[in-house]
Amino acid sequence: MNRFNSYREEALQKWDSQMVHSEIPVIYLGTASCGIAAGALDVLGTIQQTLTELGQPARIVQVGCIGPCYLEPIMDIAMPGGPRVSYTNVTPQKAKRILQANLTEGDLAPKMAKGHFGDEAFSSKTGIPKFFDLPMLKPQVRVILKNCGFIDPEDGDHYLAQDGYAGFLKVLEAGPQYALEALKESGLRGRGGAGFPAFKKWELARSAAGEQKYVVCNADEGDPGAFMNRALIESDPHAVLEGLLIAGYTVGASQGIIYVRAEYPLAVKRLRKAIGQMRSYGLLGDDILGSGFSFDINIKEGAGAFVCGEETALIASLEGKRGMPRPRPPFPSDSGYNGCPTLINNTETFGTVPAIMRNGGEWYQQFGVPGNYGTKTFSLVGKVKHTGLIEVPLGTSLRQVVEEVGGGTELPFKAVQTGGPLGGCLGASQLDTPITYEAMRDQGSIMGSGGLIVMDESTCIVDMARYFIGFALRESCGNCTPCRIGTRVLIDRLEKIIRGEGEPHDLEVMRKAADTMVKTSLCGLGQAASNPVTSSLNFFAAEYESHVHDHYCQAGVCKGLFQYVILAERCNGCGLCVKVCPANAIAGKLRETHTLDANLCTQCHACVEVCTKQAILSLPLSAEQDHLLLSEALQ
Amino acid sequence: MSLQITIDGRSLSVEKGQTLLQVARENGIDIPTLCDFPGLPSHGSCRMCVVEIEGRSNTPTACTTLAEDGMVVQTNSPIVQAQRIELLKLLLSEHTSSCLICTEKSHCDECMVTLRKAGVTTGCRSCSMDGACALQDLVERFGITEIGYPVRYRMLPVQKQDPFFDRDYNLCILCERCVRVCEENHFSSTLTLAGRGTDAIVSTAFGRTHIEAGCSFCGACVEVCPTGTLSEKTRKWDGKPEREVSTTCPLCSLGCQIDLLVKNDMVIGSLPAHASGSDMLCVKGRFGITELVNHPTRLGHPIAVNREGSLPVSWEQAIEAAAEKISSCAPGKYGMLISADCSNETLYVARKFVREAARSNHLRTSSTALYGDGLPVLQRLYGLAQPLSVLSEADIILCLGFDGTYAQSVVDVGLHRAKKHGAKLVTLNANEHSLSKAADEWLRPEPGEEADVIEMLVENTRMGEQQNRLSPIASQAQRVSDMLLKSRQAIILLGPAFLTHPDNLFLLKAVERLVAQTAAQLIILPDSANLAGAFRTGIITPATTAGLQDLEVLHLVGETVPPHLPDQPFILYQNIYPPRRDLPAGLILPAAAFTEEDGTFLDHAGRTRSIQRAVPAPGEALPSWQILCRIARKLGVAGFDYENAAQVRAEYETTGFTGADFAISVPGLLQPGLDVFQWVRREDHAYMGFPLGTLVAGFRRLYPE
Ligand SMILES: Cc1cc2nc3c(=O)[nH]c(=O)nc-3n(C[C@H](O)[C@H](O)[C@H](O)COP(=O)(O)O)c2cc1C
Ligand code: SF4
Ligand code: SF4
Ligand code: FES
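First to last, the protein sequences are chains U and B.
Following this note's numbering, the numbering of the first sequence begins with 65 at its first residue and continues without gaps.
Following this note's numbering, the numbering of the second sequence begins with 35 at its first residue and continues without gaps.
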């Protein structure tokens with residue numbers, strides 16, 4: 065214990081001298097996977113090179129993801145005595161200029177700065193807004209993501225300096241009952257999707273009979289487009305590990321396992337490193353901090369099947385079997401890994417636990433709404449202006465997330481797919497739905513693990529449904545009848561409709577198959593896989609009907625179900641479309657209205673994308689005769 | 035503890051741990067199922083058994099839901115009925131299902147008289163499971179007349195590359211009964227579910243053939259499949275059997291009980307006789323029998339052979355000719371060679387025939403040659419032989435020369451089961467064998483050096499103390515010896531390869547000592563079906579050093595013609611198949627196979643097993659003992675007027691065979707040039723002297739010559 069306290073002291077001192085009161089400039093660079101994908105490593109090279117060229121000492125700290133992916137790469141500079149200032153969408157050239165300005169000229173380059181982390185005075189002095197006042201960040205709160213983007217995830221001391229493992233120490237001191245009480249009071253619900261109260265699960269696992277117990281962290285995150293768990297692990301691995309440690313102590317497990325996708329190599333690497341650091345702090349192994357509690361953590365890399373995220377399939381996979389769900393009960397808390405009681409929670413659930421243990425359950429109730437306390441992270445992607453990792457209190461409306469956090473869409477908003485591929489597709493009229501487990505379910509969706517995909521008018525709902533059903537169809541384990549065959553029936557019907565061969569009864573067939581899937585499938589995948597279809601059938605019935613009855617795809621996605629027409633009223637004859645059309649289907653003199661020959665057009669969409677006037681419309685095939693429709697489209 | 039639940043309004047008291055399906059079945063409530071199969075762990079994949087439970091929003095499956103106190107269950111509410119129909123329709127949409135809902139289906143049966151040659155089943159009436167298909171049953175039960183979903187044919191190629199059964203996964207409903215029976219009941223991992231989603235399919239790992247994947251062709255998967263996906267090559271177009279006849283498999287000494295499937299007075303298949311507690315067969319009993327007994331070359335009529343050629347004759351003429359030859363034969367110039375595959379009745383009558391009708395002492399079986407020098411010891415050991423059921427009592431099992439890959443795989447399963455219950459498995463085998471992976475210790479000497487290892491075990495267990503061992507195998511033997519000494523109940527299992535090992539005299543003597551030193555139980559598993567019967571009837575006798583090389587009449591009963599006959603005797607060839615080589619001169623007497631006669635065997639533990647006449651013998655073929663009786667009567671010898679096998683058995687059972695009958699003097703027999711046995715080496719996996727591979731194409735791939 066004393067040893068650990070001295071580690072903490074050291075860490076605090078190090079944090080203070082190197083980060084808070086650093087004598088040399090501190091350069092922060094986000095190098096989680098999102099940053100790296102945007103080119104952060106090139107920027108890193110440039111920073112190092114520039115520093116040598118300038119002969120200036122500076123400390124480079126590689127931090128995790130701070131959230132707004134659309135701004136990556138993000139480089140921040142904190143000059144000695146000054147606040148940290150963020151520069152976004154940094155290219156190597158830009159980085160060099162910013163560094164030169166800051167380090168040699170004492171110029172903050174405020175034009176290039178996006179935000180800072182200092183006080184009001186700094187804002188008024190420099191004209192740079194506060195980073196957290198940016199429209200995307202303003203409605204957000206940071207509980208889970210508190211450390212993300214602020215600490216070096218590979219440096220355990222950084223975590224220690226942020227009250228790291230204080231939650232664990234408190235639980236050690238106050239006992240497992242305290243942990244359960246705090247969890248109960250906090251109202252924390254599982255962040256893996258179903259929202260089962262965390263304390264109940266912990267209690268079940270704690271009271272289950274068995275010498276050997278396990279705690280398992282589900283970091284499989286197979287939803288396409290979701291990256292909350294990855295970002296959390298890459299940016300703050302110790303938070304998750306501390307949660308796991310607390311869980312192990314509370315339920316009486318001696319072994320923790322993190323099941324993480326093999327496609328997350330950086331997350332795996334950082335976890336390994338962090339586990340090594342825990343060990344050297346004396347937080348793993350036998351008789352941890354002299355408490356008599358022994359615990360160790362293993363990493364298991366999953367082969368990547370989506371269904372392996374389902375808890376029973378995950379356990380089967382851990383046991384070296386084919387990742388296939390099995391009927392529950394028995395629940396893992398009674399009989400899980402190797403038949404032993406097993407607590408399994410999502411990464412984010414574990415990541416939230418340390419803060420609750422540190423601050424108490426009641427503290428957590430300040431976020432969210434009764435029954436749905438706390439915050440939830442989402443990966444906001446699609447056609448919104450601001451994409452990225454976000455954290456909002458539960459109960460926030462979808463509208464706030466899409467319009468404020470996401471900054472809305474360029475083209476008119478059409479739909480948001482909530483809850484990942486098994487969730488529902490909600491339209492504009494559902495935007496005021498508060499994000500709670502119950503409200504999501506009532507709308508025919510699920511909370512899911514936190515994927516939010518925003519779509520605008522350029523998305524065809526039928527095509528979207530096909531995409532998600534195609535995903536479920538490939539990812540179903542194929543074990544049970546309704547899921548294996550139902551998804552196939554759905555996709556067959558959707559494809560038929562997309563080909564323009566849809567018949568009215570196809571919609572009925574889909575509803576029927578979906579109903580059977582929901583009611584009779586073995587696991588959550590089959591039970592929820594039809595959600596994108598049923599919800600879109602409910603909220604976008606007109607779009608399905610225009611596909612089926614009029615063979616018309618207004619979004620201009622389903623080839624052959626529309627024709628492109630150039631609207632004379634809007635065309636300014638700029639000629640951009642002519643240049644991109646691979647089929648030479650567009651003709652017209654410069655600055656005169658262009659025309660599009662539907663017979664030559666391959667509907668490749670290129671012209672629509674370049675037209676700045678939105679003059680190219682997708683109209684029904686019958687539109688030429690039907691002037692009424694044309695003028696309707698105009699409005 | 036007993037719980038109270040309500041199913042369909044009936045209040046039932048049930049045991050804790052029972053599933054709703056079990057409770058329903060026990061109480062005569064019929065819930066439709068597809069993936070459930072008695073004896074297999076419940077799986078919950080077909081979802082057909084959905085039920086309504088008060089207070090639950092979804093409809094759980096009865097086969098996977100444990101009864102809880104106070105549960106109120108509806109098994110047949112309109113909601114679950116509708117769901118089952120939808121589920122079945124979904125299944126049918128991926129099954130070649132047009133016949134199932136065809137309005138003409140009732141007439142179709144009578145009209146389908148065409149030859150069924152298509153390899154791919156394209157409709158129910160040409161499916162091997164027509165009439166026994168679980169889907170057909172459910173379609174009838176639910177009264178389904180339209181599918182409502184578009185039909186998809188999966189276009190999977192029919193897999194025919196393996197012997198014995200074909201696999202058309204276009205018909206598969208993925209109930210995984212086959213996968214589970216293979217894994218859970220047979221401890222094999224031949225089958226798994228491969229692929230995901232729509233592409234999920236039952237397959238071997240990496241799509242290998244079954245042979246490559248280590249399948250032992252026990253056929254359990256074929257038996258449990260509710261659809262026509264898995265079909266026996268030979269039974270594909272036979273439809274449902276008319277009757278089943280229980281009998282004993284004569285293809286090794288285990289004496290497995292089998293049900294012969296009979297249709298149109300023909301054996302069309304064989305299955306384990308579940309009613310008699312037999313839950314599996316090995317490939318021989320499961321897939322060999324139909325082809326063996328229906329072999330196109332089966333003999334149906336007596337034939338006389340001389341230098342000019344062969345000529346069909348009547349039984350009357352044949353018996354007369356045989357009697358004539360025997361009576362004119364000089365004393366001691368008649369000899370009989372008889373197979374230990376024959377029934378006790380035939381062996382007994384043969385023994386009596388040789389002594390009393392032919393007045394000779396020359397009665398042998400080829401087993402004498404097969405078991406060679408070790409025979410006297412083997413016979414002594416037989417006094418200790420125990421049935422397989424003792425395996426469950428063991429805490430260590432030492433398997434000597436056993437390989438259950440393609441024969442006696444029943445024993446393999448017994449051994450795996452014993453291991454599962456905590457017994458240690460030790461094998462001694464020079465080659466890879468079916469237990470290579472499962473064995474806790476695999477003693478693997480160089481071929482021919484098995485005796486050294488046994489000797490080590492004998493020595494170690496005699497000394498009873500730890501010694502420093504140099505070679506790896508010696509220290510391994512030391513470990514095994516320690517295990518044997520410490521064990522509560524050891525079992526030593528002697529496999530066929532060990533029994534017929536060239537060194538078997540030495541090996542068996544060593545085993546005798548090992549058994550004495552470790553108080554082990556002994557299981558002896560020879561390949562010959564009725565070796566115990568041959569011992570008991572004293573066929574493996576008589577003691578004579580006189581050679582058989584200058585016989586005038588050689589009488590072969592269930593034996594093949596030796597390749598080289600120096601003295602050109604007259605041959606009485608009595609068998610179910612024609613001789614493999616031309617006879618110089620003799621009579622071919624057609625015998626009945628075990629499916630065509632009544633009788634008994636003694637199994638590996640000396641227990642009586644009976645065989646039943648299930649079908650008529652081809653043509654005029656007769657049970658072997660009857661042929662002998664007719665010749666004896668023609669010779670005017672009394673005491674051969676049995677009316678049926680039961681009478682023979684009654685006499686056989688009351689006959690006390692004297693010790694002298696059992697005296698064996700083998701060494702003389704095996705000296706080169708002295709008699710016929712040196713060139714009558716019997717082969718493994720044979721029936722009536724014919725290697726199975728020469729009769730059944732599938733076996734040719736399993737037992738390469
Ligand atoms: C098809 C399917 C996929 C799932 N994938 C994940 C996943 O990737 N990560 C996750 O934490 N939970 C996933 N779950 C939910 C888990 O089964 C389980 O409920 C969860 O891990 C429990 O953690 P929680 O109580 O913290 O939510 C999935 C469920 C289903 C049905
Ligand atoms: S619902 Fe789908 S994924 Fe779940 S067990 Fe059934 S087939 Fe597998
Ligand atoms: S082959 Fe037969 S037993 Fe195996 S899964 Fe398919 S239908 Fe079921
Ligand atoms: S019998 Fe219950 S799910 Fe198949």
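Note that these hints are calculated values from the structure, not bench results.
Check each hint, because a few of them may be wrong.
Here are the simulated DSSO-like pairs of lysine-lysine, each with C-alpha atoms no more than 30 angstroms apart in a straight line [said to hold, decoys possible]:
#  : chain 1 : residue 1 : chain 2 : residue 2
1  : U       : 189       : U       : 248
2  : U       : 175       : U       : 158
3  : U       : 234       : U       : 194
4  : B       : 194       : U       : 385
5  : B       : 471       : U       : 385
6  : U       : 264       : B       : 194
7  : U       : 576       : B       : 139
8  : U       : 576       : U       : 210
9  : U       : 576       : U       : 560
10 : U       : 643       : U       : 449
11 : U       : 623       : U       : 653
12 : B       : 297       : U       : 385
13 : B       : 471       : U       : 364
14 : U       : 623       : U       : 583
15 : U       : 194       : U       : 210
16 : U       : 78        : U       : 178
17 : U       : 364       : B       : 454
18 : U       : 264       : U       : 583
19 : U       : 333       : U       : 364
20 : B       : 274       : B       : 367
21 : U       : 385       : B       : 668
22 : U       : 385       : B       : 453
23 : U       : 189       : U       : 210
24 : B       : 50        : U       : 583
25 : U       : 643       : U       : 623
26 : B       : 270       : B       : 297
27 : U       : 210       : U       : 78
28 : U       : 178       : U       : 202
29 : U       : 78        : U       : 234
30 : B       : 543       : B       : 520
31 : U       : 194       : U       : 158
32 : U       : 560       : U       : 623
33 : U       : 385       : B       : 454
Sample of chain B residues with no beta-carbon within 10 angstroms of chain U, all distances over it, derived [stated by the list, open to error]:
#  : residue
34 : 76
35 : 179
36 : 182
37 : 186
38 : 230
39 : 269
40 : 596
Glycine included, each C-beta is placed from N, C-alpha and C at the ideal position.
Hint check results:
| no. | hint | result |
| --- | --- | --- |
| 1 | U/189 / U/248 | violated (46 angstroms) |
| 2 | U/175 / U/158 | holds (12 angstroms) |
| 3 | U/234 / U/194 | violated (34 angstroms) |
| 4 | B/194 / U/385 | holds (28 angstroms) |
| 5 | B/471 / U/385 | holds (18 angstroms) |
| 6 | U/264 / B/194 | violated (54 angstroms) |
| 7 | U/576 / B/139 | holds (27 angstroms) |
| 8 | U/576 / U/210 | violated (46 angstroms) |
| 9 | U/576 / U/560 | holds (17 angstroms) |
| 10 | U/643 / U/449 | holds (27 angstroms) |
| 11 | U/623 / U/653 | holds (28 angstroms) |
| 12 | B/297 / U/385 | violated (43 angstroms) |
| 13 | B/471 / U/364 | holds (26 angstroms) |
| 14 | U/623 / U/583 | violated (34 angstroms) |
| 15 | U/194 / U/210 | holds (16 angstroms) |
| 16 | U/78 / U/178 | holds (28 angstroms) |
| 17 | U/364 / B/454 | holds (28 angstroms) |
| 18 | U/264 / U/583 | holds (26 angstroms) |
| 19 | U/333 / U/364 | holds (12 angstroms) |
| 20 | B/274 / B/367 | violated (52 angstroms) |
| 21 | U/385 / B/668 | violated (70 angstroms) |
| 22 | U/385 / B/453 | holds (21 angstroms) |
| 23 | U/189 / U/210 | holds (27 angstroms) |
| 24 | B/50 / U/583 | holds (27 angstroms) |
| 25 | U/643 / U/623 | holds (22 angstroms) |
| 26 | B/270 / B/297 | holds (13 angstroms) |
| 27 | U/210 / U/78 | holds (19 angstroms) |
| 28 | U/178 / U/202 | holds (14 angstroms) |
| 29 | U/78 / U/234 | holds (23 angstroms) |
| 30 | B/543 / B/520 | holds (23 angstroms) |
| 31 | U/194 / U/158 | holds (21 angstroms) |
| 32 | U/560 / U/623 | holds (12 angstroms) |
| 33 | U/385 / B/454 | holds (19 angstroms) |
| 34 | 76 | violated (8 angstroms) |
| 35 | 179 | holds (16 angstroms) |
| 36 | 182 | violated (7 angstroms) |
| 37 | 186 | violated (7 angstroms) |
| 38 | 230 | violated (5 angstroms) |
| 39 | 269 | holds (28 angstroms) |
| 40 | 596 | holds (55 angstroms) |
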